[in-house]
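Taken in order, these protein sequences are the chains called L and Z. For what it's worth, the numbering used here labels the leading residue of the first sequence as 1, then goes sequentially. For what it's worth, the numbering used here labels the leading residue of the second sequence as 1001, then goes sequentially.
Quick caveat, the hints were computed from the structure, so don't treat them as lab data. C-beta atoms are modelled at their ideal positions from N, C-alpha and C, and glycine is treated no differently. Some hints here could point you the wrong way.
[Stated by the list, open to error] Restraint ranges, calculated between C-beta atoms of paired labels, are given here: (1) L/D363 <-> Z/K1398: 53 to 63 Å; (2) L/K330 <-> Z/F1322: 33 to 43 Å; (3) Z/M1080 <-> L/K226: 18 to 28 Å; (4) L/K309 <-> Z/D1365: 26 to 36 Å; (5) Z/L1192 <-> L/I98: 57 to 67 Å; (6) L/A360 <-> Z/L1337: 42 to 52 Å; (7) Z/I1140 <-> L/G263: 11 to 21 Å; (8) L/G119 <-> Z/A1032: 47 to 57 Å; (9) Z/W1484 <-> L/A96: 33 to 43 Å; (10) L/G243 <-> Z/L1360: 23 to 33 Å.
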Amino acid sequence: MKRIMQTGISAVILTGFVLATPGRGAAAEPFQANWAALAKEAKREGELNVIVGGGSGRDMSKGWQAAFGDKYGVKVKTFLGRSRDHWERIRAERSAGIHSVDAWVTSGRFPQDTLVPAGVLQPIMPLLIHPEILDAGVWYRKRHWWADDEEKYAYTFWGNGGFGSISYNTKLMAPNDIKQLRSWKDLGRPEFTGQIIVRDYSHDVFACQYTVYGESWFRTIWVNQKPKVQANDRQGAEWLARGVGKVGLGGVSAEVEQLKSGGLPVEPQLPHPLDHCNNLSSASGNVVIFDRAKNPSAAKLFLNWLLTKEGQYASQKNAGANSLRLDIPKNNVREQNQRLDGVEYVFECCEKRFKEATKAALDLRYKLGVEAGLWQ
Amino acid sequence: MPTSDAMRALPAIRTRYVGAALMVTLIITLGAYLVGPIVLILINSFNVARFSEPAVFGLENWRMAFAQPALLQSLWNTVMVFWLYTAIAFPVAVLIAWILARTKIPFSRGWEMGFWLSYMLPGLATTIGWIYAFDPHIGIINDLVARLPFIDGPIFNIFSVPGIVFAHLMGNAISQKVMLLTPAFRNMDSALEEAARVGGATNLRTMLRITLPVMVPSMAVVFMLNIVRIFNSFETELLLGVPANFYVFSTKVYQLARQAMPPQPGQATALASITMGVIALVIPLQRWLLSRRLYTTVTGQMKPALISLGRWQSIATAFVIFVIVLLVPVPMVILVLGSFMNKVGFFDFIPTFTLKHWILVFGDDHFWLALRTTLGLATFAGIASPLLFSMIAYIVVKTALRGRVLLDTIVWSSATVPGLLSSLGLLWLILGTPFLRPAYGTMYILFLVVLVQGMLTGVQVFKTSFLQVGRDMEDAARVAGAGWMRTYFKVWLPIIMPSMIMIAVMNFVTAANTTTSIILLASRETRTLSILALELMISGDAAQYEAAGIVSLIIVTVTMTVAVVATKLGYDIGIRAQ
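Next up, chain Z with everything else stripped away, as it sits in the complex (with noise of 0.2 Å):
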């Protein structure tokens, strides 16, 4: 017969089986499915045999990949883009977030909304539409300040580094961060500022000396978020670059996946494993920085109440409307007049104005078909990633099961190839794991692949958001009785809704524009619209940019309008600015 004190050890038995149960299911799972793939193309990089003949191993790939012409200065290259963008990116989205976030700012979730909005524009026609503005050549801006009598020549090439910058800046490396951060601003505790100020602080000594340090975490992991993609991004630098014979590592990537005849996956693979050496470098850093002091901002006794900047609140406003106008009109502009022009940024063509770009999209049962599955897989992601996320997140710096630095490293090394290479790996373990297969080119396999895409970012995130919030609350909730699953809604829930609500719209706008962690694995009744922009880009005589942009534009309807929506859901039901 058990005694009393066994029977009341019970619940806390029980408890950390299931916790261990449940780390010992994330760990397999996740691990066989984050880690699986990028073994794979990784033993297949030492694959020297031709197609259809027994595998020889050797290190041939590795000697070519790493033969490539002006290698090292591609690396040089890759990092100095990188700094060169995020030393301005950086600083101007922690300013930005503060002001949105800390501040007495009017329409607040208005201007947040349109940095959500750049985001959601497409990378690829927002640089299309860069170029339509300052080809040195045929830049509609450099034509027109080219005709002022004290201006020779173009202002402004965008084949060039600056220009590389600039389309980043424009692009998402300011707008993501803004994104990231805002939310982690909103959770603070305004008792310390306040504080701060009793004391005689300035609002900037309060901001620098108080707010900034407290908001370490969250920072620190949107900058490293950052270095970890410094070696994935390659579009904007193909664009751009390669016209300019600027090569960055990730072009060198792309050219052995994507270019050559035939493909070299394996080199590609070799190259891109410099990217496991950051990786290999961030994750302990993180680790180190996380852990070295508290960072609570939310306890019971949180206030969350805004400053007054005075006289500087309306410059503070201008500025953040300034960075606004600069990231979306233009591309927003291009996007829909293009979509009307016979061709884009070409008024002298006759007729200039067209609907048929507009008819062939909509009169096609392939885009029909393509934006139910967009819609659908987006739906999923936005709904189950962040329920996954926040606890994986959970688990790894709010508990003591055993495994969660192993859980955390699983999480860190899904950035760890560039996801051209990666989709390729997932395609490799589908196929040649027997319980999978039957789901190759259906709905279920994409629902897995959106369900993990931005697990990096959103798993980092919620731990941020997580390490704000003391434990004072969460206790509370155990005295009164209550068990995980409702400490879990009616106390963590209401407090990182915000970063519920973005991640939720991050991962759904990444789901409904992905393009390269699905296009091996989506069937021809399973292409999304982000895909279909990609046919109408490449397959046809000649480039239907126009066709493929109003798909785009489309796109960003429907993820701005559920973001709209899941926004004002949110704030109903999270923490709210006195």
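In isolation and in its complexed conformation, chain L is listed as follows (with noise of 0.2 Å):
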């Protein structure tokens, strides 16, 4: 009788136990809910402002209006082109108490130089609710990414492979020369004395570079090598091509890929990672939101929706680029942002031993820059 009554009072206990505890069943209701809600608010709301900046943000945003907007039945106005007149225009607009912006999708580091001082960025995290994005089981290394320092205001979801950011001339790189070059280091080699076509100051970081090979390596690339600079991604892609330099540093990728296709003899990367620093490239894959932004649900509903399975898959798609989650098919990624298996990658624009050495290495960059006479 004992034993009856201790196991029925067990049953009582575990059930109502199991009741109390929320199950899948139980979330998804609240979940649903409230996604239906935020739906019908930002339909109410009717359209969405997002910036777009950075190289590739163009092509990721033309499939937005489709796959989203007409989803959700809010219309999409993507503001393109360069990112200090947009922010000169938001700051004049601020100051008069208009808030014409709701989200800016762009590259790394303008939010972090940018928009998180000036403080008029709010908090991601408290925004997501969809439980496809909170799992940080999906993404790359089981961890959410962060472009801003204080890792809060400017969420990274793309991750672009790559062997160094190192294109070059096929012609003028003999196969076994391509074989040789595996490590950074390399670059110092004799042959490559003025064979290096490189950035201004104001693109790239070294960030990696600088924590693994200090201010030496930099000397030995801006200083010793004596580089080519060039005005811009077109005209040192088309360097390259011609032969003017051996290799190229830095994000010409994408132009070096077209002069690929047309039969010009130069490859955007090298063909085996390196033995440091083989960088991953968030390229145009941040999103930050603004504070007091104007179509604040259709903010937060775009914001969940681009960080879905389906939002990610269709940045994927127009862009090439790689999402930094790992649940959807990667079929339509560019073969150069492909993320390899067995090759160990950094990610300097979101680790937090590279935000630390970035501004080093900018400055670094410049003051031997101006020592050599590439820049002023």
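Can you join these two chains into the complex? Each is in its own frame, and there are hints to help.
This is how it looks when you write it as structure tokens:
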């Protein structure tokens, strides 16, 4: 009798425990309800204003109206052009009490250098409600990635693979030469003197190289090796194709890829990883949400949609970039952006150890460039 | 009961009050619109607080601006480049204007249109065209010449000081001066020249001793307009100078305003303040120059005849054609040919030619919207601006109204800071002015911007035109009972028609091509073709130069069509040579 009573009491307690614990079914109901309410409110707002910056932003945004806007009844207005022009306009508007923009999808440094210090953004995590996003296990290295130092405001969703951002001329670099290029330090060899095409100091960071190789590497490349400075990526790619230099450093790969498609003797990246600093690039894959957004519900809905499987697959599709989500097909990612198994990648924009080195690397490169007469 | 004397004085009193009211209105509105933005950005240059913090005033921006590395060197570079291309462009332009307007060169109007076409070609496209020709590594002309057995290396490096000077000459340096000077040369009484020839002077001596001295106001104004623009030009220097580590002053201003992370408009303004010093010198200088003597060339007895150069005529014609061939074909070929190439300059790209850029442009809804916007803005600017500028110029040089000097100073002040900074000040002014704010983001605000764009050039050109016209015709009209409006349309307009047409076309072109002055004010729905072209070049995984070139080509086609039609209309109304 006593045993029966103990069993019965245990069963009652156990049943109560099970009923009290929110299971998958119970949790899904509040989310669905929240999502529906959010979508309804976004539809009532009727529009979403997104600034799209960075090199691949335009391509990424092409499919947004069809995939997101039409689905949720929101008119997606994208604003292209120079980030700095947009920022001047936003500053002036906000000073006058006008809030016309909801979100900004851009490259990693701009939010950190400009938007975060200005205090115009709102933290991302409180806005994320979709269970597909919150599960960190679906993201690269099972974590969320951030482009800002506080890891609160600029959510990173792209990580394009690539071996060191080194493009090369296939006529000037014999297969054996390419095989022997195994380290960033190899660029200091005599055969690369005067043969390296670089971008100006406002592009690229090389924070990983600063951390791994120190200041001497910078002096080797930017002073001793007498690099040629390109005014823009297009010019750099054209110079590379014409044999002005053997290799090009930095993000000219998109331009180089286009020239390669036309039969010109260039490759956008090395065929093998380097010993260190195989950097993932977030390109334009960083999103921020403005505080006091004009359409806050549409902005929140868009943010969540963008980071879901559907949104990430769509963003991959038009830009050929590589989402940091691991649970979506990668068949629409460009070959050069694939992340390969077995390669030790670094993520300069978003790993804390490199964020601290970023400013030092930028300052050093600028100083050395002035010393070498590359820029003022 | 008013006396008969008082009754007779009423129209004069009414005229005086109307004149005064007009002057006050002009000074207040133009002063607020042109000077207000400059004051705003100047004040902001002393605010050293971060955005969203309360204002803190200090000199940090100014200290950092003038601590820029190699600043003095960049100032010297600016002056050097200016003098180099002006020393060539100015005499060449004067000579060409004289040939076109004063001699019996065949097809004069046609050759003049060639210089207009050169002016209309976007500066960026022209510079890029010459890069493709003279890049030391991949330039087409360098490549072809280097194949000759006795040539070793590139014959000309476009990324150099001579390259920058060359690009300016092939851009607007010559064509703009020809455009501005030719109408003034046309408004010349040939009686003066005939008297010189009767006295035994040769054509050359007549030109040097008679024609040019009479044209001093026009030439001086054109020269001074170029001086005040000396610190504004940056596109050519950015493209051609930076790869050679050659910086001019405007490049440094641009770097601070547009390339620094975050942008530093306060520091950029501090640097740009140097232009104010230049303006402060130019304003009294031009007033002194224009008030020294009479420069009347158009009177009731005016005889607008042309002179024959005899055996020199064919040489003069060949010279004009030679300059046009230098100025126009290369950028035009680059623009047209490039629009059909997969990659401009790459004849070994497979396939070399394609229509995909044309399809991209014409298939974009934004293009058609931008085309409508551009046509609307440019047409408005082309019609309204010359009327406004001529009225201001008339008030400044032909009336005795108080406030003329202040009005003239306000007009000159519009060139005090570069467009990329003044546009920021204008944005602040509009957002900070309650009755202007509703217009923000609409076409109306862009109308306002393009209306006064080119005001400095336009007003100065009309001033010199009015200075050329004697009082006798205006007095005759008044004696015959014509009021101001009738006199303006029946007497003034035909005389200044060449200048009207020229300013109308210039402003049409400026409005169609402008980006820096409207990029902060244009909304998504009011984007122009020039902004679209800029977005094509910078927003995308790879720069779409070819598509941007197509948009520029369309702008040129539209503006050229308008110019031809307007010129034909204008010349039918204006003074014609015998």
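Violated hints, by number in ascending order, as checked against the structure: 2 and 8
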